[in-house]
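Number of protein chains: 2
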Amino acid sequence: MSEPIFSPSPLLEVLKGECVSPPPLWLMRQAGRYLPEYREVRHGVPSFLDLCLTPKLAAEVTLQPLRRFPFDAGIVFSDILIVPFALGQSVAFVEGEGPKLEPLRDDAAIAKLDLETAGERLAPVYETVERVVAELPPSVPLIGFCGAPWTVATYMVEGSGSKDQASARRLAYRQPETFQRLIDLLVESSARYLLGQAKAGCRVLQIFDSWAGSLPEDEFERWCIVPTRAIVDRVKAHAPDIPIIGFPRGSGPLAERYAAKTAIDAVGCDTSLPAGWIRSALQTRLPVQGNLDPILLAAGGPALDTRVKWILETLGQGPFIFNLGHGILPETPIENVERLVALVKGASG
Amino acid sequence: MSEPIFSPSPLLEVLKGECVSPPPLWLMRQAGRYLPEYREVRHGVPSFLDLCLTPKLAAEVTLQPLRRFPFDAGIVFSDILIVPFALGQSVAFVEGEGPKLEPLRDDAAIAKLDLETAGERLAPVYETVERVVAELPPSVPLIGFCGAPWTVATYMVEGSGSKDQASARRLAYRQPETFQRLIDLLVESSARYLLGQAKAGCRVLQIFDSWAGSLPEDEFERWCIVPTRAIVDRVKAHAPDIPIIGFPRGSGPLAERYAAKTAIDAVGCDTSLPAGWIRSALQTRLPVQGNLDPILLAAGGPALDTRVKWILETLGQGPFIFNLGHGILPETPIENVERLVALVKGASG
Numbered sequence: 120m121s122e123p124i125f126s127p128s129p130l131l132e133v134l135k136g137e138c139v140s141p142p143p144l145w146l147m148r149q150a151g152r153y154l155p156e157y158r159e160v161r162h163g164v165p166s167f168l169d170l171c172l173t174p175k176l177a178a179e180v181t182l183q184p185l186r187r188f189p190f191d192a193g194i195v196f197s198d199i200l201i202v203p204f205a206l207g208q209s210v211a212f213v214e215g216e217g218p219k220l221e222p223l224r225d226d227a228a229i230a231k232l233d234l235e236t237a238g239e240r241l242a243p244v245y246e247t248v249e250r251v252v253a254e255l256p257p258s259v260p261l262i263g264f265c266g267a268p269w270t271v272a273t274y275m276v277e278g279s280g281s282k283d284q285a286s287a288r289r290l291a292y293r294q295p296e297t298f299q300r301l302i303d304l305l306v307e308s309s310a311r312y313l314l315g316q317a318k319a320g321c322r323v324l325q326i327f328d329s330w331a332g333s334l335p336e337d338e339f340e341r342w343c344i345v346p347t348r349a350i351v352d353r354v355k356a357h358a359p360d361i362p363i364i365g366f367p368r369g370s371g372p373l374a375e376r377y378a379a380k381t382a383i384d385a386v387g388c389d390t391s392l393p394a395g396w397i398r399s400a401l402q403t404r405l406p407v408q409g410n411l412d413p414i415l416l417a418a419g420g421p422a423l424d425t426r427v428k429w430i431l432e433t434l435g436q437g438p439f440i441f442n443l444g445h446g447i448l449p450e451t452p453i454e455n456v457e458r459l460v461a462l463v464k465g466a467s468g
Numbered sequence: 120m121s122e123p124i125f126s127p128s129p130l131l132e133v134l135k136g137e138c139v140s141p142p143p144l145w146l147m148r149q150a151g152r153y154l155p156e157y158r159e160v161r162h163g164v165p166s167f168l169d170l171c172l173t174p175k176l177a178a179e180v181t182l183q184p185l186r187r188f189p190f191d192a193g194i195v196f197s198d199i200l201i202v203p204f205a206l207g208q209s210v211a212f213v214e215g216e217g218p219k220l221e222p223l224r225d226d227a228a229i230a231k232l233d234l235e236t237a238g239e240r241l242a243p244v245y246e247t248v249e250r251v252v253a254e255l256p257p258s259v260p261l262i263g264f265c266g267a268p269w270t271v272a273t274y275m276v277e278g279s280g281s282k283d284q285a286s287a288r289r290l291a292y293r294q295p296e297t298f299q300r301l302i303d304l305l306v307e308s309s310a311r312y313l314l315g316q317a318k319a320g321c322r323v324l325q326i327f328d329s330w331a332g333s334l335p336e337d338e339f340e341r342w343c344i345v346p347t348r349a350i351v352d353r354v355k356a357h358a359p360d361i362p363i364i365g366f367p368r369g370s371g372p373l374a375e376r377y378a379a380k381t382a383i384d385a386v387g388c389d390t391s392l393p394a395g396w397i398r399s400a401l402q403t404r405l406p407v408q409g410n411l412d413p414i415l416l417a418a419g420g421p422a423l424d425t426r427v428k429w430i431l432e433t434l435g436q437g438p439f440i441f442n443l444g445h446g447i448l449p450e451t452p453i454e455n456v457e458r459l460v461a462l463v464k465g466a467s468g
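Just so you know, the sequences run in chain order A and B. Be aware that the first sequence starts at 120, since it is given in this note's numbering, and climbs by one per residue. Be aware that the second sequence starts at 120, since it is given in this note's numbering, and climbs by one per residue.
Read the hints as simulated data drawn from the structure, not as lab findings. It cannot be assumed that every hint is accurate.
One copy or two, either will do: identical chains are not told apart, so a pair holds if it fits within one copy or between any two.
Distance condition first, Cα-Cα at most 30 Å in a straight line; then the derived DSBU-like pairs of lysine-lysine [to be verified]: (1) K282 with K231; (2) K318 with K355; (3) K231 with K428; (4) K282 with K428; (5) K380 with K318; (6) K135 with K175; (7) K380 with K135.
The following block holds chain A by itself, in its conformation from the complex (with noise of 0.2 Å):
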């Protein structure tokens, strides 16, 4: 991790609209299980969410695959869930279940849920960030993130993950005003959230829609779209340097109206979305990142060398970001990455 201080950042090339080859790469989730110093360190903690909120331990996860691989960018060690635990939800995180939160599903519930104290509950995220930034290199920016409104909102309403985000989705339908003051109390936490991260080093910021999928195109539209753009005007008013990468996992044909509305810098994508079409909805517009099977990294072989080299012709003449259309397996080998790395940083054209 030493290069020269003003070496750029093909994250950041690509980001401002630059073809760039070899495409910057890195991993959703590449500081996590699949790493053995990784599990080393979470052993010695007693949950997930003391590691997140342990600003030396959080850092050290964070660099952890920077060490190992040359990804282009760090991703802050963190949850989508710490937003609903700074506004004073009750979030844990069982081991082998998956988050569970007291459920939230009226007005009171929601009216309980604290904005003001937030921040200071969001402190150590912003001191991993600080910490992070001072060990990496220039040409290595540090994303920043939140989940969604929705996305968060799914987690908050049913307490847990979910097969359809059905209770979300009922609430949305039955009591849309309450919703909405749900919606709008998350775009203004995870807007103040991002502009923490930027502020404390974070020069990229990516907003995961996991479930944006579960929605027809109305409801897309109002609790996917809506709440995202609201969301990237807040922190463009603020940081309009900083690029924003939406990811709506899920949302097939409505990637493109989500490119076209939200005004992010770049789009996400994920597994299900064929690459030319990738190419010639949303490449035409903005840069894109994605979108190699999680599942196909974890098995290697010839069919990863293919399919590594397929996404790369197909998308590599545009605005291009390569990484998973989902976050990295915990069995995925190391060697795998090793692999992928050698493939995509072996691409110069």
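Given chain A's structure and the hints, the job is docking chain B onto it.
The following block gives chain B in isolation, referenced to the frame of chain A:
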């Protein structure tokens, strides 16, 4: 159910490419738990599978929704996992937990599946079809169905429903020849099963590919499109006049490729596909079916009216079958279904 014997079927008309106004209407899982008369029958049998395999009762629950609502089709009361059951895999439906199968992950397990005895084990379904058809007027065809090989394989490999269909995707990447053998067996058994239902009296068939959306494009081609095309070809060779609806749920922009390459007669659309895209990308090529959000039907209210009218306006000018984007939910109030029927059937122009 006393109509003139030659009354035409709106559903069959649309499946020939005609535009019918008001459009034909049926609902996925229309025979099911939202009906009190269904719950009463279900209460009297030990298991869901017993209900599927008892022709008198299966016929009764198939007919129940048609006594209440003027739906334009019946659909055989059964389950997509009847095929693995028929092939000799152990299949059970555990109340509140979903299906449990003995997971099948290697060649030895696949070799134990028995295509030859499957016909006999499926005989009760054919008897159900005969019983139902004897009761239905000619204007109301009965739809037979099967799961698509990919979707059925995900349950067979995992042994249950699963997040992201990871076990099947892993097997398909790591041991494609093994997985191909399973898919080939499912192509053959599903084609025979569909033909059996057609022979017993079904005049329309549907192939449910509920987990098509978990595959990247190459795997979508290999495990969804090619096997579906093989089934369609097999069925059409023996029953050229029976239209087949394909339902590649969650396939996003890949639904266009599916519609172009599988030789199906109509494509079912899930809730995430925007109506304008369905019209331009799919309906210009073939009849479409869908795609009201089942959660909106359960929620009801003014939003239901607005959405139904929007779907009718956008898709009603071409060959269109009104349906949900996924199965009707058990909590759906009967009066909401009545409202839907009034909205769709009042839509004559």
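**Asked** Going through the earlier hints one by one, which of them does the structure break, listed in rising order?
**Response** 3, 6
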